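Student: Quick note, the sequences are listed as chains A and B, same order. Numbering-wise (the working numbering), the first sequence opens with residue 3 and increments by one. Numbering-wise (the working numbering), the second sequence opens with residue 27 and increments by one.
Treat the hints as calculated values from the structure; they're not laboratory data. Misleading hints may appear alongside valid ones.
What the hints assert, rightly or not - Lysine to any residue pairs mimicking SDA-like chemistry, simulated, CA-CA at most 20 Å apart:
1. A:K142 x A:R110
2. A:K142 x A:K81
3. A:K234 x B:R331
4. B:K131 x A:D296
5. A:K234 x B:E336
6. A:K146 x A:K81
7. A:K81 x A:D156
8. A:K234 x B:C339
9. A:K146 x B:E233
10. A:K234 x B:E335
11. B:K131 x B:R191
12. A:K234 x B:A58
Remember, it's a predicted structure, so these values are computed and weren't measured experimentally.
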Amino acid sequence: MRGFDPNFSRTIGERGWIGMSWPTSHGGGGRSNVERLVVTEELLRAGAPVSAHWTADRQIGPSIIRLGSSELQREFLPKIRRAEAVFCVGLSEPDAGSDLAALRTSARPVDGGWEITGNKAWTTSAHLSTHAYVLARTSKEERKQAGLTEFIVDMDTPGITVRPIIDLSGEHHFNEVFFDGVFVPDGRVLGVVGNGWSQATDHLAFERGGVERFLSTYPVLVAMIAAARSAKDRASTERIGALAARLVVLRRLAFDLAGALDSDQAPALLAATLKLLGTQFEADVVAEARYVFDVCGTDDLGRDLLLEASAVVPTVSLRGGASEIMRTVIARAESVA
Amino acid sequence: MTLLDDETRMAVRESVNEIFTRGTGVGDLRSAIRDLGWREIVDIDASASSILFEAQGRALAASSLLDDVVLEHLDPLLDGNARRTVLYPVDLSDGEPSRDQAVGKGIVLGPVDNVDEIVVVTRGDRGVMIGTVKVSDLKAAPVTLTAFDRGSGWLAVHAPVEAGRSVAAGDAWPAAIAAGRRAIAAEMVGVCQQALNVAVAHTSAREQYGRPLASFQSVRHTLSEAHAAIESLRVLLEAAWADSLSDHEARSAATVLKIRAGDVQAIVMRRTVQVLGAMGMTLESDMHRFVTRAAVLDQLLGGYRQLAEELGCDLLSGVPASRLVAI
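Sequences and hints are given; from them, build the entire structure.
Tutor: Next up, the structure:
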């Protein structure tokens with residue numbers, strides 16, 4: 003799932019499976035989000051290398067449709083659908099992790115646009131992206147959530163430096179991105195200047211509610227089942243049953259979420275719930291797989307899948323919003339209700 | 027066996043920690059520990075070896091000190107005064123040697139350059155056998171293991187024992203395993219404790235929402251759970267050294283201790299990694315070193331899941347549970 007394969011993404015695009023739930027007036031497939039769910043589930047079940055188009059399809063495209071000017075829509079939607087535009091997301095900073103509103107990257111108005119200065123951290127695939135979504139401060143207000151603006155930035159604009167951050171498995175996925183007086187034209191503002199926070203909140207709902215939150219370890223689950231079939235171990239059987247039951251719940255949550263998107267909602271609460279439960283599930287799939295493979299045996303593929311998943315899984319309760327934040331989102335919503 | 031008083035224990039602990047944080051090479055480590063008067067300390071209180079291994083864990087030091095613990099029980103069975111290192115069996119998850127007697131495959135804890143013989147444990151029709159292989163007779167060079175825990179310095183070795191060069195281990199092997207498990211558990215206490223220390227330092231320094239992460243209740247609860255798990259392991263480690271245990275009970279205690287150690291490192295590392303946030307996901311932070319070290323230590327002399335299954339089987343087949351805690 004982490005696999006970055008522009009050719010594969012292009013093929014998916016040719017099938018009309020990128021932007022399939024976008025309105026036909028925007029060149030999309032006009033399909034429902036539930037129908038999109040069917041396709042994305044199958045892609046992840048198969049462990050397809052979707053990362054080159056995933057972010058753009060999942061959240062950038064929908065954000066541009068909701069909030070973008072017609073120029074932005076005309077420029078980017080076809081490129082995203084053809085997997086020609088690869089997007090990274092510039093949100094977190096060294097001092098703004100969970101407290102995202104504390105971000106310090108700023109955009110000051112200049113002739114014809116804005117000049118962005120600051121740095122983003124943990125930007126996945128920035129080194130492979132053609133464009134970046136960037137949240138920056140355009141004015142200082144009383145509340146720190148006010149005065150933020152969303153921008154679409156070309157990664158080849160002068161003044162952008164990308165520096166790799168190597169993760170635990172020695173791989174390069176994350177980056178620091180430095181903006182040194184980077185010019186962004188007015189037309190690249192997404193939505194309303196100063197309204198970035200509430201726009202980003204919706205955006206995050208798209209990001210957190212993706213099926214990858216619980217299906218990225220699906221190939222490991224399949225290998226577990228194959229292993230358990232080959233040997234009679236009651237504990238393995240029981241553990242697989244328990245995981246399968248949780249998977250039903252998660253698929254139902256994803257289905258409800260897709261339905262909410264189809265009713266034009268941005269279901270932040272549902273997305274937070276799905277991410278919290280989904281990432282816990284994925285951690286448990288890996289933990290249980292260690293047991294099942296140990297007891298029932300597995301082949302090289304199973305071992306490789308487990309090794310890869312073991313390196314990735316500690317990050318899923320942190321990336322895209324830590325589990326602690328998901329709990330806060332849920333608690334706040336519940337206490338208001 | 028008497029016990030060191032608290033003051034002496036603390037002084038010994040400080041001296042030992044200082045030796046490990048100095049970061050000496052293995053040879054110097056051994057002489058520094060010897061110069062401390064280690065022999066006398068352990069003669070007074072054998073459980074003091076926990077201090078040594080906990081310090082090694084905290085410092086994430088790699089050494090073959092564990093060999094000394096194991097060889098104390100195995101050397102008496104072997105001839106001569108050769109310098110020896112132990113080949114730890116790993117083909118079965120419980121740390122015991124498999125029935126493939128001729129093939130001595132396993133792990134040694136450090137380079138074999140300063141060692142004459144490798145002590146190999148195998149299992150045959152007569153039970154567990156102890157034999158030796160001369161380092162100069164090794165056909166294949168040892169291979170450094172770097173795929174998971176890069177800093178361990180452990181090597182995979184293939185040391186087939188010649189027919190007739192083994193003797194029956196008798197009681198020495200179970201005693202050696204028990205002693206080894208106590209030492210490994212102490213080292214895992216050190217690794218977990220230091221991981222927690224790093225997590226506490228990080229969350230105390232890092233601020234979000236205008237206050238340290240450590241001031242948030244969820245972070246406090248998470249780290250409290252890690253602390254409680256480590257304390258449970260300390261308590262069990264102490265119980266495993268109790269004078270009142272018979273040999274058989276001491277072996278059961280060491281098995282239970284090893285099981286709990288594996289469980290504790292899983293509990294602790296999940297929590298310390300989580301509160302480190304993005305920093306814990308990189309090579310820049312040291313946390314990954316604690317994670318991998320604890321995981322490979324668990325695999326030595328019996329992984330916790332395998333040992334738990336064996337304990338469960340024993341209990342279910344009517345083997346009486348050892349009376350490990352006298353209340």
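Student: Next step is simple, just say for each hint if it's right about the structure.
Tutor: Now the hints, each set against the structure:
no., hint, result
1, A:K142 x A:R110, "holds (11 Å)"
2, A:K142 x A:K81, "violated (34 Å)"
3, A:K234 x B:R331, "holds (17 Å)"
4, B:K131 x A:D296, "holds (19 Å)"
5, A:K234 x B:E336, "holds (16 Å)"
6, A:K146 x A:K81, "violated (34 Å)"
7, A:K81 x A:D156, "holds (13 Å)"
8, A:K234 x B:C339, "holds (15 Å)"
9, A:K146 x B:E233, "holds (16 Å)"
10, A:K234 x B:E335, "holds (15 Å)"
11, B:K131 x B:R191, "holds (16 Å)"
12, A:K234 x B:A58, "violated (52 Å)"
Comparing the model with each numbered hint stated earlier shows that hints 2, 6 and 12 do not hold.
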